[in-house]
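There are 2 protein chains.
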Amino acid sequence: MVPADRDVTLAALALQTRAVSGTRAPLPHVVIVGGGFGGIAAAKTLAGKPVTVTLVDRNNFHTFSPLLYQVATSALAPDDIAPNLRGIVRRSRNIEAHLGRVLDVDLDHHAVIVDNGPPIAYDYLILAAGSVSSDFGVPGVATHAIPLKSLEDATRLRSTVLRRFEEANANPALIDEGALRVVVAGGGPTGVELSGALAELFTKVLAKDFKNLDVSRAEVVLVEAVPAVLGSFSPASQREAVEELEARGVQLRLGTPIARVDGDGVELTDGTRVTARTVVWCAGVRANPIADSLGLARTRLGEIVVNKDLSVPGHPEVFVVGDLAAATDRAGRPYPQLAPVAMQGARHAARSIMRRVRGRGRTTRFRYFNKGVMATIGRRSAVAELPLGVHLAGTLGWLSWLGLHLVFLMGFRNRAVVFLNWAWNYFSWDRGNRIIIPDPD
Amino acid sequence: MVPADRDVTLAALALQTRAVSGTRAPLPHVVIVGGGFGGIAAAKTLAGKPVTVTLVDRNNFHTFSPLLYQVATSALAPDDIAPNLRGIVRRSRNIEAHLGRVLDVDLDHHAVIVDNGPPIAYDYLILAAGSVSSDFGVPGVATHAIPLKSLEDATRLRSTVLRRFEEANANPALIDEGALRVVVAGGGPTGVELSGALAELFTKVLAKDFKNLDVSRAEVVLVEAVPAVLGSFSPASQREAVEELEARGVQLRLGTPIARVDGDGVELTDGTRVTARTVVWCAGVRANPIADSLGLARTRLGEIVVNKDLSVPGHPEVFVVGDLAAATDRAGRPYPQLAPVAMQGARHAARSIMRRVRGRGRTTRFRYFNKGVMATIGRRSAVAELPLGVHLAGTLGWLSWLGLHLVFLMGFRNRAVVFLNWAWNYFSWDRGNRIIIPDPD
Chain C
1 MVPADRDVTL
11 AALALQTRAV
21 SGTRAPLPHV
31 VIVGGGFGGI
41 AAAKTLAGKP
51 VTVTLVDRNN
61 FHTFSPLLYQ
71 VATSALAPDD
81 IAPNLRGIVR
91 RSRNIEAHLG
101 RVLDVDLDHH
111 AVIVDNGPPI
121 AYDYLILAAG
131 SVSSDFGVPG
141 VATHAIPLKS
151 LEDATRLRST
161 VLRRFEEANA
171 NPALIDEGAL
181 RVVVAGGGPT
191 GVELSGALAE
201 LFTKVLAKDF
211 KNLDVSRAEV
221 VLVEAVPAVL
231 GSFSPASQRE
241 AVEELEARGV
251 QLRLGTPIAR
261 VDGDGVELTD
271 GTRVTARTVV
281 WCAGVRANPI
291 ADSLGLARTR
301 LGEIVVNKDL
311 SVPGHPEVFV
321 VGDLAAATDR
331 AGRPYPQLAP
341 VAMQGARHAA
351 RSIMRRVRGR
361 GRTTRFRYFN
371 KGVMATIGRR
381 SAVAELPLGV
391 HLAGTLGWLS
401 WLGLHLVFLM
411 GFRNRAVVFL
421 NWAWNYFSWD
431 RGNRIIIPDP
441 D
Chain E
1 MVPADRDVTL
11 AALALQTRAV
21 SGTRAPLPHV
31 VIVGGGFGGI
41 AAAKTLAGKP
51 VTVTLVDRNN
61 FHTFSPLLYQ
71 VATSALAPDD
81 IAPNLRGIVR
91 RSRNIEAHLG
101 RVLDVDLDHH
111 AVIVDNGPPI
121 AYDYLILAAG
131 SVSSDFGVPG
141 VATHAIPLKS
151 LEDATRLRST
161 VLRRFEEANA
171 NPALIDEGAL
181 RVVVAGGGPT
191 GVELSGALAE
201 LFTKVLAKDF
211 KNLDVSRAEV
221 VLVEAVPAVL
231 GSFSPASQRE
241 AVEELEARGV
251 QLRLGTPIAR
261 VDGDGVELTD
271 GTRVTARTVV
281 WCAGVRANPI
291 ADSLGLARTR
301 LGEIVVNKDL
311 SVPGHPEVFV
321 VGDLAAATDR
331 AGRPYPQLAP
341 VAMQGARHAA
351 RSIMRRVRGR
361 GRTTRFRYFN
371 KGVMATIGRR
381 SAVAELPLGV
391 HLAGTLGWLS
401 WLGLHLVFLM
411 GFRNRAVVFL
421 NWAWNYFSWD
431 RGNRIIIPDP
441 D
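Those protein sequences? They're chains C and E, same order as listed. Number 411 in the numbering used here belongs to position 411 of the first sequence; there are no gaps in the numbering. Number 401 in the numbering used here belongs to position 401 of the second sequence; there are no gaps in the numbering.
Hints in this document: simulated from the structure, not taken from any laboratory. Please note that a few of the clues may not be correct.
Each pair may be met inside one copy or between any two copies, as identical chains are not told apart.
Taking lysine to any residue pairs in the SDA-like style, the calculated list, with each CA pair at most 25 Å apart, reads [unchecked claim]:
no., residue 1, residue 2
1, 211, 242
2, 49, 139
3, 371, 188
4, 149, 438
5, 149, 439
6, 149, 163
7, 371, 315
8, 204, 408
9, 371, 263
10, 149, 387
11, 211, 48
12, 371, 316
The structure displayed is predicted, hence computed values, not measured ones.
Next up, chain C with everything else stripped away, as it sits in the complex (with noise of 0.2 Å):
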C-alpha cells in the first residue's frame, strides 16, 4: 500500500515515536482511528493505562449521529451534538488528538498514513472508522439525494427542506413540483425518526411560519423496500411506528424498491413516479472506504472480516470494532450496526490490548449484549425493546428513549443545552433552530 522507498522513513519513525513518549520504558503505542463511539469507548477504556493513545479523526469532533435527524429537522443546534474531541480526552494525559484524514494503512510497517503529517506509528491499531452512505447501486442516489450520516449532512438538509419551503412561498406554483414533499428512503430506525419530525416539523412550526403557504400541501414520503418499517423490531413495535406515522400524515410506500432518484423526485420499480425536490437517502450503509485499500478480507458490504476478538487475521495488533467489522455471534449471525455494539466492541479491543501490552496470554471472543434497540416517531411517541422481552411504546418508550439519549450524549454541557432546547420543543411546540446557511457567494 505503501511505496518502498517510505519503508525507511517509516522504520524510523516507529522507532522514533516509541523513544518519544516520554517515560522511561517507551510505552505502547495505540492508534485509533475514528473518533465516532467505538472510537471514544476505546480511548475512555484506555485513559490511564500503560499505554499512549492517538485518536485520529478527519473531524474535530463527534458526532452524535442519533440525533442527526433533530438538526435536520431544526429541533437542535449542530453544534448541540457535537462534543469536541479534544475536549472529551482532555483530562486523560496519555490520550492526543490528532486531526487528520487517513489515506492508508501500513500494516506491515504498523504505521496510518495521515494527509496533514508524518505517518503515524503504532503498536496496537484500533480501526473504528464506521460506515458510510450507501446507494446500493441505485442511480441518482450520489446526485439527487442526501444522505444523514454526518453534521454537514443534517445542517444541509436543514437548509434544504427550509428553502423548499421559502422557495414556495415565493413561488407557490413550485408545490405542484413537489417543492413540500420530502421522500425518505429507507424505514429504518433514521428514516422513521426523520419521517415523524419533519411531519411535525410541517404541521407545527412551518404551517404558523407561513402565513401566505398552504402548507398542509406539504408531505413526508416514505418509501421502504421490505413491506415493514424497523425491520430490526418486533412486529408490535412496527405496527406501532406505522400507527404512530400515519396519525402524523406520513404517507407509506412499503414493499416497493427506489428504482432510481432524480432532479424531479424518485421511480419505484412499480412504475410509480412520486415527485419530490428533496430526497433523503437513509435506505443504507457500507463500511468507510478505508476499508477497501488494506488489501484484508472483507464482507460484500466492505467490512473487514475479524476473529473473535475482534483481531484481523494475520494481524494480531490491530482490532476492527463497530460498523466496520464483519462480527458475528456464536451463531455465525452478524451483529446488528448500533452505537452499543460499536461501544462493547471497542471497550473489548481496548482491554484485549492491555491483556497483550500486560503479556497475560489469549484474548477473549468479543459478546454484544443486547441492551435493546429504540426509535422515536415524534412528540410522546417512541417504540422501545429492552432485554427480557420488556416493550414500551407512547409515552413511557418516549420518556426513556429522551432519557437515555441524554445519558449517552457526551458532556455535562451538550446535555444541558439539549434537555434546554428539548424542554423548549415540547412546552413551546416550537422548533427553534430553523436556519438556512447560505451558501457561499
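Here the structure of chain C is known, so what remains is to put chain E in place on it, guided by the hints.
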C-alpha cells in the same frame, strides 16, 4: 434602475398587491428591507397596526451581531444568536417575511426588486439594510482577511483559528510562519472584544486541548491606526481596556495603520511586518452596496442622505434607518453606527409612516437618545459608559454587559441557551463550541 418594459408589470402588480390585502379597504403595504436591529424594530412597531408589512432579508434569521465574536471564539453556537425571522414576526398577523436578495429598488414605481420572485410593490419603504465590511482600499483585505459582520464570517473565523492550531499541532514548523498568531485589525468595540476573547480562548482552553503544542507561543496582535482603542469611549475606559487587554497577553500596535494584508500576515505603514496566518478585519464598515444603485445622494461611506425625519429627499414614502442612513443630530454630527441608533430610528420611521397613513400631518425630527456604549474585554471585565456620566468597569461593567445583552437578545429560547452557555463557560473555564466545519469535499 429598472428597464422600461417592466413598468407596466410593476404598475399592475402594485394595484394587485393592494387588491389582495385581505380587508375591505386595501391596507397600505410597508416593505422593510433588512432583518437586523432596525428592520425588526420597525416590524415590531408596525405589528397590529392598520398596514400590511413585508420584511425582506437575504437570510431567514436575524443576526445578533454584538455576539458574533463569541461565536468566532467558540463560546456560543451560531444558532444561539440567530433567531428565525418568521418566528420573530409569527404572532403578528399583518407581517410576513420574504427570504430573498434585494437587487434593486424602483423608487419611481414603488417596488423592491428581489432575486427570487416578482417585484414587491410598496406604499411605504423602510430601508434597513445595514452596513458591510469595508477595506478602505487597503490591498489584500478582501483576499486574505476575514471580516466579522455575518454569521458565516463568525463560523468561518472559528474554523480558521481552530484549524491553524490543528495544523501547527501536526507540523510545529508552521508556528514560525504565524500559524498561532492572529492579527485583529481595528480597535473599535468589535476588535477589542474579539481580541480579549481570542486571548482567553488560547490561554484557558486551547492550552489544555493541545497537550503537545506550545500554545504559549500563540498571540493576538491588535492593530489600530489611531493611538487609542475604543475611540468613541472616554479616556478612562480606553485606558482600562488597554490594561485589561495587556493583562490577557494581547499585543497592541496602536497608532500605526495597516498598509497591506497578504498570505503571510500584515505590513504596517511604518514598514514593520506582523507574520500571521489569520487576519481579522474589524477596521471599518461602509453602507450596504444596495445604496449604490438607487441614484440617491450619499456620503463618502455610502450612507444615504436623509431628511430630519429619516425620509429620503423627494421620496416622502421612503425611510432609511440605521447604518444605511446618514442621520445627524441638530449640530450636524452623524449618529454612531450602533444597534440602538438603528432601533430608535426604525421606530421613528414606523411611527412617521403611521402618522402619514392616518393623515395626521407632519413628521418630526429623529433624535437619538444615547443609552450608552459598552465593550467587554473578557472574563469579569468590561467597560460601560452610561447616561449621566456613569462609567462602569471590571466585574460590575461585565455583569451589566451580560444582563443587557441577554435582554436585547430575541426570544426566550435563545436567551436561555446563551445564559446556559455563559454559565458553563464561566464556571468550567471552557468554550463548548469548538467546531471546525469541514470544507465541502
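Checking residue 204 and residue 408: alpha-carbon separation at most 25 Å within a copy, between copies, both or neither? Neither way: residue 204 and residue 408 sit 28 Å apart in one copy and 27 Å across, limit 25 Å.
Homomeric proximity label, residue 371 with residue 188: Cα distance no greater than 25 Å: Close inside one copy (18 Å), not across copies (56 Å); limit 25 Å.
Intra/inter-copy verdict for residue 371 and residue 263 if alpha-carbon distance must be at most 25 Å: neither (41 Å within a copy, 54 Å between copies)
Residue 211 and residue 242: within-copy, between-copy, both or neither at 25 Å Cα: neither (30 Å within a copy, 50 Å between copies)
Treating 25 Å as the Cα threshold, decide for residue 211 and residue 48: within, between, both or neither. Answer is between; shortest inter-copy Cα gap is 15 Å, intra-copy 57 Å.
Taking 25 Å as the upper bound on the Cα-Cα distance, should residue 371 and residue 316 be classified as within, between, both, or neither? Neither: 29 Å inside a copy, 70 Å across copies.
Using 25 Å as the alpha carbon limit, work out where residue 49 and residue 139 are close: within a copy, between copies, both or neither. For residue 49 and residue 139, neither the intra-copy (49 Å) nor the inter-copy (54 Å) Cα distance is at most 25 Å.
One pair to classify: residue 149 and residue 387, alpha carbons no more than 25 Å apart. Within, between, both, or neither? neither (27 Å within a copy, 53 Å between copies)
Within, between, both or neither: residue 149, residue 438 at alpha-carbon 25 Å: both (21 Å within a copy, 14 Å between copies)
Could you figure out if residue 149 and residue 163 sit no more than 25 Å apart (CA to CA) within one copy, between two copies, both or neither? Close inside one copy (21 Å) and across copies (23 Å); limit 25 Å.
Intra- versus inter-subunit Cα pairing at 25 Å for residue 149 with residue 439: both (21 Å within a copy, 16 Å between copies)
Can you give me the call for residue 371 and residue 315, within, between, both or neither, at a CA distance of at most 25 Å? For residue 371 and residue 315, neither the intra-copy (30 Å) nor the inter-copy (70 Å) Cα distance is at most 25 Å.
Going down the numbered hints, you'll see the structure goes against 1, 2, 7, 8, 9, 10, 12, while the others check out.
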